[in-house]
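Q: The whole structure should be built from the sequences, with the hints applied where relevant.
Protein chains in written order, with full-length UniProt numbering: chain A, 1 to 397; chain B, 1 to 397; chain C, 1 to 397; chain D, 1 to 397.
To be clear, the hints were calculated from the coordinates, so they are not data collected in a lab.
It cannot be assumed that every hint is accurate.
Since the list gives no way to pick one copy over another, a pair counts as held whenever it fits inside one copy or between any two copies.
In silico DSS-like pairs for lysine-lysine, Cα to Cα no more than 30 Å straight-line [unchecked claim]: (1) Lys290 with Lys144; (2) Lys290 with Lys326; (3) Lys19 with Lys86; (4) Lys326 with Lys283; (5) Lys203 with Lys215; (6) Lys287 with Lys215; (7) Lys19 with Lys141.
Protein chains: 4
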Amino acid sequence: MSTFGQAFKVTTFGESHCKSVGCIVDGCPPGLKLTEADIQVQLDRRRPGQSNLTTPRSETDTVTIQSGTELSYTLGTPICMFVPNKDQKPHDYSETDFFPRPSHADWTYLQKYGIKASSGGGRSSARETIGRVAAGAIAEKYLKAHGVEIVAFVSAVGPVRLDFLDDISGDNGKILSDLINTVTRDQVDKNITRCPVDSASEKMAEEILKRKEEKNSIGGIVTCVIRNCPVGLGEPCFDKLEAKLAHAMLSIPATKGFEFGSGFQGTKLSGSEHNDPFVSDGKGGLKTIKNHSGGIQGGISNGEHIYFNVAFKPAATISIGQESSKYDGSSGVLEARGRHDPCVLPRAVPIVESMAALVIMDALMIQNSRALSNSRLPPIPENLRAINPLGQKVKLT
Amino acid sequence: MSTFGQAFKVTTFGESHCKSVGCIVDGCPPGLKLTEADIQVQLDRRRPGQSNLTTPRSETDTVTIQSGTELSYTLGTPICMFVPNKDQKPHDYSETDFFPRPSHADWTYLQKYGIKASSGGGRSSARETIGRVAAGAIAEKYLKAHGVEIVAFVSAVGPVRLDFLDDISGDNGKILSDLINTVTRDQVDKNITRCPVDSASEKMAEEILKRKEEKNSIGGIVTCVIRNCPVGLGEPCFDKLEAKLAHAMLSIPATKGFEFGSGFQGTKLSGSEHNDPFVSDGKGGLKTIKNHSGGIQGGISNGEHIYFNVAFKPAATISIGQESSKYDGSSGVLEARGRHDPCVLPRAVPIVESMAALVIMDALMIQNSRALSNSRLPPIPENLRAINPLGQKVKLT
Amino acid sequence: MSTFGQAFKVTTFGESHCKSVGCIVDGCPPGLKLTEADIQVQLDRRRPGQSNLTTPRSETDTVTIQSGTELSYTLGTPICMFVPNKDQKPHDYSETDFFPRPSHADWTYLQKYGIKASSGGGRSSARETIGRVAAGAIAEKYLKAHGVEIVAFVSAVGPVRLDFLDDISGDNGKILSDLINTVTRDQVDKNITRCPVDSASEKMAEEILKRKEEKNSIGGIVTCVIRNCPVGLGEPCFDKLEAKLAHAMLSIPATKGFEFGSGFQGTKLSGSEHNDPFVSDGKGGLKTIKNHSGGIQGGISNGEHIYFNVAFKPAATISIGQESSKYDGSSGVLEARGRHDPCVLPRAVPIVESMAALVIMDALMIQNSRALSNSRLPPIPENLRAINPLGQKVKLT
Amino acid sequence: MSTFGQAFKVTTFGESHCKSVGCIVDGCPPGLKLTEADIQVQLDRRRPGQSNLTTPRSETDTVTIQSGTELSYTLGTPICMFVPNKDQKPHDYSETDFFPRPSHADWTYLQKYGIKASSGGGRSSARETIGRVAAGAIAEKYLKAHGVEIVAFVSAVGPVRLDFLDDISGDNGKILSDLINTVTRDQVDKNITRCPVDSASEKMAEEILKRKEEKNSIGGIVTCVIRNCPVGLGEPCFDKLEAKLAHAMLSIPATKGFEFGSGFQGTKLSGSEHNDPFVSDGKGGLKTIKNHSGGIQGGISNGEHIYFNVAFKPAATISIGQESSKYDGSSGVLEARGRHDPCVLPRAVPIVESMAALVIMDALMIQNSRALSNSRLPPIPENLRAINPLGQKVKLT
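A: Right, dumping it as structure tokens:
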């Protein structure tokens, strides 16, 4: 349904043409400094009309906090956030309304609910993601206090792909590793494609503009890294951290796949190639020297950078005529009206970051419950080395 | 945590060396004919020792139903299922116990819980999946009454890959499509690799045996198809059907990625190439002629075959000596003892099927709630074409 | 937290002095005719300023539906509802702010969250119940289509009590039974106390006015009946229908107790006195002739009228000076400012009804899932009388 | 359904005549010392055959821990506990099987599920509570490490009632207060009625024996106190601590009502009588001098003793002939066979304690999440007195 998270719960609402869209965030830690400005920055990165690569439709998407804060501090109570829809009027009939749009949600919504919003995508519209981004911005604000950094970027647009997507060995692995270690949102935002590799970005922009001229669309891939993730997050066996990330990412409209760490490429390797040996981190703990695990082992974060790829299909809304069936079964040619994104990838970047923040925030709060509950128990005796190999009270983070 | 599902809820328990493993299934529809034999068949496909490609450890994994049925019918009450662990004794100390195993869950479990099971993988052991498979078998039994068929098979072992994994266009697309339309469990099981394509299966078996001789391991991919899935399943916007499938699959130990329909390859296509036009199904409804959507549009099943790939890394347990750090930070060479699977893929097949069954079953029961609730309302007036384009009461499935 | 329900989920937001209060209803059946007028009627019964028995503060509490409907029909998507707070400004400091108000939530909120809203009750304010009433009105609209009637009324104000509260035998039982069978909202609303028994109502009004003059407050009891509740609702063993009702009622501010059917009085009876024998209902089913069970047996509705009592303490906010400690531990006399309800009972009536509607609606949708899932299985063989004593397919409602 | 709790989750299974009953506890803090002996003690207090006041059926109810511990420490993984049913065989037909037992769950289970267990109460049997008591014992073991004490006792059997149940003012209030402050399980268990007041206990025993001789049964009340409950537990606005307690108590078979603190009697008081003024606790905090609030204000524990009453109806199973309808609508006289408890109250005591422990444990773990999450934020500035009236960092417990 429309709620995500167990401890840090987000419930979104809103269709493409209703009065407003937004969300309620329940379970936010009290005492967090928070104003609308903290949230608006990611909404601005998500909104349409930022460049000639996106839909020309202009919306300001200005958020207000309705509840849950006072004097700029969170009260620990539900935070309702609100963005008005400028265009609320369900549209007039036209020929196109008799067609369920191919690869859109028109047909399945009608089958599932027996009713569907009359225009735009209704609840399957990208406007639904406004609530996610607003909630994610709160999670990020909290996580920054722990040093967590989340940066996503476009790594492929159609056939234009950063090399590591197809081969993580050798030099490509090095490039991937460098990006994961250092990439910043500033670097990502300096290119309108949100690909921080200039040479690739130029080709991506060309690809997008070509598709735009064709009245067509194109897919691509977003890569995301989470740095300084606290150790110990993720709830086996069903809510492993990668499972929650996969769930979150595949809930974003237009996504087709998720892989983390070595991902699908890792299937080609042998165990001795793929395994991540441990070394001392010099601070009493361990770290890994490779990171094929993508920062997650056994479903639990290990302190290394978490990185993953998310596949997006080409936007289903295109202006080229498409031969397809009407609702009544008769066939015709659908000539879509209106404006659309030829490529959703640049705007998907803050959405991926937001969903990542929601997953990490929720997992952190759940682990905080365990950690504090455990810390109030007497230490496990040192001689029980079998279950306590460090021979000491492990201080849960 | 250890519960999966909202309406059809599965809670698993058990570590590698405790007294027993199993699960409670809560929310099973009452009146389903069910005996242990229905469950044992999938447990037998999952258990070790089925061929020389898997671990030689022999366990019978015999299940008993403890509660929730009478005279072979489900009562609608919690069904507890139970498989004893033959070897319950936590092992003696040895040198290897001072090492967290690379790419295993030893280190992260210790960090998360401050304590870990002394031997085997504890809760991260593959034995945890017994509860999933037992529960999945019940879901499948119910779903078969609706005609749902779920078949998974091995499509890649290391570098040996069925061609469609790298290219879904042209002939490869045809081969993929044929497999998806027709593959049966009998065809899958006739090869010990559980790859139904004989020529590929032979090469896969060679690859696995080579890795076994090397005391190494190898990864691979499982492809799964769900046929005759009811229309309308999946709960936007966060519990889209693909999001729940991704969550389920990434919760299986050793998984690294998930893609459905056109998946990562779909990112390279334009919208006009990728979109699935509708045609009349001749029965008053619509169907698609391509199926790049993989049976899911807008997060909701559309009646076409659902298909997806799941990436598995090479098993982390290998017998080759590995230079790695001990818990105390000192380095050494870990020479792992014991027997292990050189390749988890053949045994992963029923696990993937089981998790798929749990997702579909849960989504079906949630949609059943909506469908019956809706059916008790008066029809929407025919003239409200905007939200009811079929101009009639849509009978929710 | 702030979400109630599993299938029909309500998430409320809002403090006493933030920008707005309201809720999101997720999981509402699609195709329900719904406009703001359906909701406003119950909000009007809840709002302050309805008579000289309630707080003179005047608020219109006008609701708008922000999402989830189109052309006056629900889409099956989240319905966000919104009521602006007229007075949003956190107040200026005053002497009273140094006191946590006795029997209020000031102290516990501060202990729990480390921060608290500066004025009014924050989240513990009665304004929080606006979201509940708005959501309950939607549930009621749906339930009315099934013939469900929910009517609550005031049965006690301080020492003025309808007799059946203290003795359900003989004539008192008859009076209770008559009220339960026939009382309507119109009858309830014709008295400003919302007690439909005129003689008692007059004494209650006197009691309230006396307390108002004293700058004091007084408690009381609301009795509620649910007529025509579908059979089979409630989810043993933890979510029995009475358990959910108790949860719902005790979540209303100022409540102290809940009893259903024979309630606390039933503890005095013997089994032979208390048991409800069955008789044929003349339609192929059974009914009970007494109803000490209060319409619920084994945690499941049996089709008889469900009735229960909810105890409300006297409002904690009073204007009489109270000797109490300040936050800093020094003692003083708190002279509360402002206006308050001398008795919350009349305004509690629609809140009790709303929470009852939410419980029944959620339970109905959960049972609908089971019923439709079961109906798709073949019937249980007739000869299995042990588990199927009717010897036939039981048609789940 | 059969899961209780969010952070400390208990899922029970088992009918009266299946192979075993028990539960899975998920989310237990790791590192808790735990053996079967910790659990058996409460199961022994719950089991039948303890005195001539309870059913003569003898069952040992011996528990084994199947998973989740090693070397007597919890691993933080699911703990499955298991009690075999000695008598597993569904019974032979007899005349009584054609009757749904009055005020039992036979009829409603059949209506809800379309099928019912053939003998005993199936899932509505008191044997279901074994899993609750086993889980509650773990919660209690953890809570004891925090000094929490939970003691329940029988305060009424039929007409024999401790005086404070009808009047909490004056001397009765003093007696209640003394009991709440000091009563121990040893004191409770020294009387077979589990009423610690000797004079009343004798009369209760007489009442029970009288009803036993009559082949009848009798109801009563359990009073429970929770001492040293941490401050800050309970999750407004829907999961207030009293709401969760009410939910838990009303989920116990045969319960009819719940009241906490002043309860239903509090409805008769004025605000100035009822309010609990604060005084300094001499340790930098505040306490209340009366405790009409029953340890909970605004839905949140305030550190005072939590106390509440739970009403139990007379057991529905009696051996006196009852005129009632058969399943087929024909009437007859049901002459119940077998042995039964004439009064469930003595055995209900550990069940009430267990459910109380589950509620407090779950609430504590949820608050621990908030507290640790908050503690990692910078303090709120001292000058924001409006929302931070203590002018300092509040250290959440």
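Q: How would you label the pair lysine 290, lysine 144 (within, between, both, or neither) given a Cα cut-off of 30 Å?
A: within (26 Å within a copy, 45 Å between copies)
Q: For the identical chains here, do lysine 287 and lysine 215 meet the 30 Å Cα criterion within one copy, between copies, both, or neither?
A: between (49 Å within a copy, 25 Å between copies)
Q: How would you label the pair lysine 19, lysine 86 (within, between, both, or neither) given a Cα cut-off of 30 Å?
A: So lysine 19 and lysine 86 pass the 30 Å test inside a copy (8 Å) and across (20 Å) alike.
Q: Should lysine 19 paired with lysine 141 be assigned to within, between, both, or neither, using CA atoms and 30 Å as the limit?
A: Both: 28 Å inside a copy, 22 Å across copies.
Q: How would you label the pair lysine 290, lysine 326 (within, between, both, or neither) given a Cα cut-off of 30 Å?
A: between (53 Å within a copy, 17 Å between copies)
Q: Using 30 Å as the alpha carbon limit, work out where lysine 203 and lysine 215 are close: within a copy, between copies, both or neither.
A: This pair counts as within: shortest intra-copy Cα distance 18 Å, inter-copy 45 Å.
Q: Between lysine 326 and lysine 283, at a C-alpha cutoff of 30 Å, which is it: within one copy, between copies, both, or neither?
A: between (65 Å within a copy, 14 Å between copies)
Hint check: no violations occur; every hint is consistent with the structure.
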